[in-house]
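Novice: Chain by chain, the residues:
Protein chains: 2
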Amino acid sequence: MKIYDISMSVFYDMPVYKKKAAKRPVLNVESDFISGAVYETKLEMNMHTGTHIDAPLHMLEDGYTIDKLDLKKVITTCKVFDFKHVEGKISQEHLEEKNISAGDFIILKTKNSYEDILEGEFIYLDKQGAEYLRNKKIIGVGIDALGIERAQPNHETHTLLLGEGIVILEGLRLKEVEEAEYLLVAAPINVVGAEAAPVRAVLIKQQAVPL
Amino acid sequence: MKIYDISMSVFYDMPVYKKKAAKRPVLNVESDFISGAVYETKLEMNMHTGTHIDAPLHMLEDGYTIDKLDLKKVITTCKVFDFKHVEGKISQEHLEEKNISAGDFIILKTKNSYEDILEGEFIYLDKQGAEYLRNKKIIGVGIDALGIERAQPNHETHTLLLGEGIVILEGLRLKEVEEAEYLLVAAPINVVGAEAAPVRAVLIKQQAVPL
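Heads up: the protein sequence lines correspond to chains D and S, in order. Those letters in the first sequence? Residues 1 to 211, by my numbering. Those letters in the second sequence? Residues 1 to 211, by my numbering.
Just to be clear, a hint being listed does not mean it is correct.
Which copy? The list can't say, so a pair holds if one copy fits it or any two copies do.
As the list claims (entries may be wrong) - Capping the alpha-carbon separation at 25 Å, the derived lysine-lysine pairs in BS3-like fashion look like this:
1. LYS68 with LYS175
2. LYS2 with LYS137
3. LYS205 with LYS73
4. LYS68 with LYS2
5. LYS175 with LYS73
6. LYS205 with LYS72
Read the hints as simulated data drawn from the structure, not as lab findings.
Work the whole structure out from these sequences, hints included.
Specialist: So, in structure tokens, the structure goes:
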């Protein structure tokens, strides 16, 4: 069994969405070996910092919260697609080249995993791409960007996907992962009432049994 | 594939270690559909609230931090042992009745999963029990308590286990899980420099293929 960690490390100077200060995680020491007998910290973090899952409430007033997420949607086989040569955005024309079926969880690997663009002009999924995936009846989509879209009107990619109950998994790191099928395990922290939550996402590949 | 969610829900009034106010998680709304176009929250949480993994730094000044944890130790087959009839504490005599081998990750299911005692006189693992597990060379131990010990001098259970690099997984919910072997997936949020981190722990059982 080979495990691929596809999550971001969480620290103050990590890349955050559009370099927004409010998205920086802060780790405070509450007890150390001088003030006490144990070391304990407290973390303050926006739910869209680092690797996380968006629930429908993020964009839809009547959307469900992250604690209502069915774990079967995020512990499932998935297909990683390599789009690292795509510039700008991923759209229908790119997705049409791949084998996508109803019930798939798909993961988009882009230039974002290679270049220092997460806080700037990162690759995203456009509206036509999102419509294509919705029509294909996928159950979830992951991307190696802190947002699945960048600056589109009315957050159209998010709204389209979340409106159909399609899981959005953001902030993946995919440099070490080849295009293939894997077992995805991406169960988020069960934060009651939240519109998103952090997750330590991994891909698992069953290795061939030696003869 | 059957998935068992063995994690606690995170909310302000959840059970916290010894009812300490500083351990209560606080979820603040940073943007909603009145103040903005999206709903976003920020979570403030002690790293020992809810289901979490302790790294050695929690008790040992030169101990490693949670970001150094090898995920192979927490994505692994595990053995759940049923100790729900044990009163007070789990010790060597109870563990001796079970089949424990070198390299095992073991999970202790106790009365804590059934009774409202998490904030009070919960069942814990005593020093003799911890010594027995260390000598068996296990790689990790999980328990359905917010602390693997309760009020022992010098945190002897923690220190003994963490000093050997044995993973401690706390805050499990095991009511729905029978004594058996499972695949454990308990990869914590990768908080750099922290002595512990929250995890959405699950057990996975491969179901028999129908004939």
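Novice: Taking the hints in turn, state whether each one holds.
Specialist: So, going through the hints one by one against the coordinates:
In this homomeric assembly, LYS68 and LYS175 come within 25 Å of each other (Cα to Cα) only across copies, at 20 Å, whereas the closest approach inside a single copy is 31 Å. Taking the closest pair of Cα atoms, LYS2 and LYS137 come within 25 Å of each other only across two copies (23 Å); inside a single copy the shortest separation is 29 Å, beyond that limit. In this assembly of identical chains, LYS205 and LYS73 lie within 25 Å of each other by CA distance both inside one copy and across copies; the values are 18 Å within and 16 Å between. When the C-alpha separation of LYS68 and LYS2 is checked against a cutoff of 25 Å, the pair qualifies only between copies, where the shortest distance is 18 Å, while the shortest distance within a copy is 30 Å.
Taking the shortest Cα distances, LYS175 and LYS73 sit within 25 Å of each other both inside one copy (24 Å) and across copies (23 Å). Within a single copy, LYS205 and LYS72 get their C-alpha atoms as close as 18 Å, and across copies as close as 13 Å, so both meet the 25 Å cut-off.
Checked against the numbered hints above, the structure breaks none of them.
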